[in-house]
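Visitor: Let the sequences and hints guide you as you build the complete structure.
The opening residue of the sequence shown carries number 1 in the UniProt record's numbering; numbering runs sequentially from there.
For the record, the hints were derived by calculation from the structure and aren't laboratory data. Quantities reported herein were computed from a predicted structural model and do not represent experimental measurements. A few of these clues could be false.
Unchecked claim - Using 25 Å as the maximum straight-line C-alpha spacing, the simulated DSS-like pairs for lysine-lysine come out as follows:
id	residue 1	residue 2
1	Lys64	Lys47
2	Lys135	Lys64
3	Lys240	Lys123
4	Lys65	Lys47
5	Lys47	Lys130
6	Lys76	Lys47
7	Lys130	Lys240
8	Lys39	Lys64
9	Lys123	Lys153
10	Lys240	Lys212
11	Lys146	Lys123
12	Lys229	Lys212
13	Lys225	Lys240
14	Lys146	Lys111
15	Lys76	Lys153
16	Lys144	Lys123
17	Lys146	Lys135
18	Lys65	Lys39
19	Lys153	Lys187
20	Lys240	Lys126
21	Lys127	Lys47
22	Lys126	Lys111
23	Lys65	Lys76
24	Lys64	Lys76
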Amino acid sequence: MRTPPNSEDEFAEVQDDDAFPVFREGTRFGEIRLEVGMKFNTKMDFKEAVREYCIQEGRRVRFKKNDKVRCRALCKVEDCPWVIYASMDSESVCWQVKIFNDDHACPREIKNRLANRGWLASKLVKKLRKFLNLKHSEALTYFKNKYDLELNKSSLTRALGDARHIVYGDAAAQYGMVRDYGETLLKCNPGSTVRITTIPHPNHSEEPTFDKMYICLDGCMKGFKAGCKPLIGLDGAFLKTRFGGQILAAIGQDANNHIYVITYAIAPVENTDNWRWFLELLHDDLGSYTQNGCCFISDMQTVTTNLLFTSYCFHDSDSNTTGLFQTLLLSCFAFMILFQYACINIMGQE
1 MRTPPNSEDE FAEVQDDDAF PVFREGTRFG EIRLEVGMKF NTKMDFKEAV
51 REYCIQEGRR VRFKKNDKVR CRALCKVEDC PWVIYASMDS ESVCWQVKIF
101 NDDHACPREI KNRLANRGWL ASKLVKKLRK FLNLKHSEAL TYFKNKYDLE
151 LNKSSLTRAL GDARHIVYGD AAAQYGMVRD YGETLLKCNP GSTVRITTIP
201 HPNHSEEPTF DKMYICLDGC MKGFKAGCKP LIGLDGAFLK TRFGGQILAA
251 IGQDANNHIY VITYAIAPVE NTDNWRWFLE LLHDDLGSYT QNGCCFISDM
301 QTVTTNLLFT SYCFHDSDSN TTGLFQTLLL SCFAFMILFQ YACINIMGQE
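Guide: The following block contains the structure:
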């Protein structure tokens, strides 16, 4: 049993002036530590830390004393001496561990009720943001490998549903704020171009559905005109989100031979109509392609496997753009590599 110096009972306050450790929220699982004197901002922080620690150690505990000024947790196994006690420190307005006996007389368990629905959902939210199509079996394996937990399938199903609601609900809400985002871009970057198109709802009382968004920042546009070759690469890539879509991008090359983003857009699919819409807006921002001597590079689908690019001078005619941009399949990363390769060859020929 360990207690702070000069403490006579569980209500005794620490008298020395040494700095006690403060629990850091977000500590990596497996490295969580509790000790006498450790401070917590609130009682809830203390209880959550005990929960994480006991799940980490594979122990079942229960909170016996739990009121406004004190909180005690005991091991659920009878005759096990494990105990932790914290009370409110009126001087520093925080909660501090006063008693902590970390000795267990019981075996480790892989089924733990402390890992309840809310706790599981909080862990799955982080996982789902990275892997949107996370399956039930993959979630079971994840908790087994990382937390050494065997979970009830129904509990995990409910927790996975809660986590998906949080993640997908956030994404849907963000699409509803896309106009605010556009206004903020224009306010912070005067002279920029932001275009948003929507699909009207059959019931006019409902909000319209998001369709496309085009963004060309003023600094990027002026920087391309002032310091880059009139060579523009075009490509599209899939958005790996719940709502899908594709990102269309126009990029150049700066004086250091690095990729220079000129403009980009979000569209539902990569087709002739969306590329025409994109190029018309790009034309309005950059000016006449003919007068500026712009040369465009894109993959032609049939030659991407051979890593061949062809450069075309574009005139202000719809017929050229219609024939060249029907389907572009390279990913952005692959396009960056191939684009630099093509530019090096062009400069070498000059």
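Visitor: Look at each hint and say if it fits the structure.
Guide: Hints, one by one, checked against the model:
1. Lys64 <-> Lys47: At roughly 12 Å apart (the allowed maximum being 25 Å), Lys47 and Lys64 satisfy the hint.
2. Lys135 <-> Lys64: Judged against 25 Å, a Cα distance of about 37 Å means the pair is violated.
3. Lys240 <-> Lys123: holds, 21 Å
4. Lys65 <-> Lys47: Distance ~12 Å between Lys65 and Lys47 Cα, so the pair holds.
5. Lys47 <-> Lys130: Violated - the C-alpha atoms of Lys130 and Lys47 are around 28 Å apart, more than 25 Å.
6. Lys76 <-> Lys47: holds, 16 Å
7. Lys130 <-> Lys240: holds, 10 Å
8. Lys39 <-> Lys64: The hint holds at about 20 Å.
9. Lys123 <-> Lys153: It holds: about 16 Å lies between the C-alpha atoms, which stays within 25 Å.
10. Lys240 <-> Lys212: holds, 16 Å
11. Lys146 <-> Lys123: Judged against 25 Å, a Cα distance of about 11 Å means the pair holds.
12. Lys229 <-> Lys212: violated, 28 Å
13. Lys225 <-> Lys240: Given that 25 Å is the threshold and the Cα spacing comes to 32 Å, the pair is violated.
14. Lys146 <-> Lys111: holds, 14 Å
15. Lys76 <-> Lys153: Answer holds: Lys76 to Lys153 is near 24 Å, not above 25 Å.
16. Lys144 <-> Lys123: The hint holds at about 13 Å.
17. Lys146 <-> Lys135: Roughly 16 Å separates the two Cα atoms, so the pair holds.
18. Lys65 <-> Lys39: holds, 18 Å
19. Lys153 <-> Lys187: Outside the cut-off at roughly 50 Å; violated.
20. Lys240 <-> Lys126: With Cα atoms ~16 Å apart, Lys240 and Lys126 stay inside 25 Å; holds.
21. Lys127 <-> Lys47: The hint holds at about 24 Å.
22. Lys126 <-> Lys111: holds, 22 Å
23. Lys65 <-> Lys76: Holds: Lys65 and Lys76 sit about 14 Å apart, inside 25 Å.
24. Lys64 <-> Lys76: Since the Cα atoms of Lys64 and Lys76 sit roughly 10 Å apart, the hinted pair holds (cutoff 25 Å).
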